[in-house]
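Q: Turn these sequences into a full structure, and let the hints guide you.
The chain contents come next:
There are 2 protein chains.
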Amino acid sequence: MSEKAFQDHYPDDLSHCYGCGRLNDEGLQIKSRWEGDESVALFEPRPYHTAIPGYVYGGLIASLVDCHGTGTASAAAYREAGRDMGTEPPLRFVTASLHVDYLKPTPMGVTLEIRGKVEEVKGRKVVVTETVSAGGQVCARCKVVAVQMPEGMAPKD
Amino acid sequence: MSEKAFQDHYPDDLSHCYGCGRLNDEGLQIKSRWEGDESVALFEPRPYHTAIPGYVYGGLIASLVDCHGTGTASAAAYREAGRDMGTEPPLRFVTASLHVDYLKPTPMGVTLEIRGKVEEVKGRKVVVTETVSAGGQVCARCKVVAVQMPEGMAPKD
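Here the protein sequences line up with chains Y and D, keeping their order. Per this note's numbering, residue 599 is the first one in the first sequence, and the count goes up by one each step. Per this note's numbering, residue 599 is the first one in the second sequence, and the count goes up by one each step.
Check before you lean on any hint, since a few could be wrong.
Stated by the list, open to error - DEER-style ranges, computed between Cβ atoms:
hint	chain 1	residue 1	chain 2	residue 2	range
1	Y	651	D	679	34 to 42 Å
2	D	709	Y	752	42 to 50 Å
3	Y	684	D	723	40 to 48 Å
4	D	723	Y	623	34 to 42 Å
5	Y	623	D	734	26 to 34 Å
6	Y	623	D	711	24 to 32 Å
7	Y	711	D	739	26 to 34 Å
8	Y	748	D	711	20 to 28 Å
Said to hold, decoys possible - Cross-link-like lysine to aspartate or glutamate pairs, in silico, EDC-like; alpha carbons within 16 Å at most:
hint	chain 1	residue 1	chain 2	residue 2
9	Y	723	D	699
10	Y	741	D	699
11	D	702	Y	749
12	Y	702	D	749
13	D	723	Y	699
Keep in mind that the hints were calculated from the coordinates and are not lab data. Quick reminder that beta carbons are idealized off the backbone N, C-alpha and C, glycines included.
A: Structure, rendered in structure tokens:
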């Protein structure tokens, strides 16, 4: 997994996201990459990302799968179009819906692996299912429905 | 809304949550209260809680409804049991599943109102539906299935 992450192909004005923007110094800076047909991101929760002491905060897990989902959607749309990521015009996705099933408490102190699978690419919509694992155990299962960013949402200079 | 928030009744060892723990200095410190039969929390996103510039990060919205949902579940369980919040043993809930439909982009720069409605209290499970509004416009609809914290998850001294 040495190649550039999906999110590092986003243009500067779309790189301020708290979850995955490389230009958001306060943010989580999630990085997703292809591993065969699946997408993978690794994340080390910070000590304050706790729920009950010893376990990872569920809202953090929702944030990880949100940005890993939209990143995977973007990469899948470029792949579908036969285009290299980062080429113009950008194919940037936002989340239409997010579902997370928390299967078991996620332990702190281990690197989390977020793994995505593209279920559907149809028009402006991409459906991604994901797992979040800690030490090889799946702790959460998720589904993100991502849609291409509406024109009206583009940042204004 | 001057009375003590749901989360301020949690015992100290359950008050470290990144979303709503009063003892987590880095966290969001979400505060929820009853307003009649509905629960309400207000939250002002910080400038870095951005998605696309000008709009609120969806993972933050998921975090807000997560903790507002479990807080509402706890308050509903105490109410159902005819007990005052904060009395022992604590009725603390965790999230079994979370669903968010993002209806429209949520603008930055306004206070968000998270409003919860208890749909079901059954055994150890409470179902809460929620809306997240900005300037009176509903931007997201959510459903949280909360379950009473498993014994094995309790913090160890």
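Q: Hint compliance check: list the failing hint numbers for this structure, sorted ascending.
A: Numbers 1, 2, in rising order.
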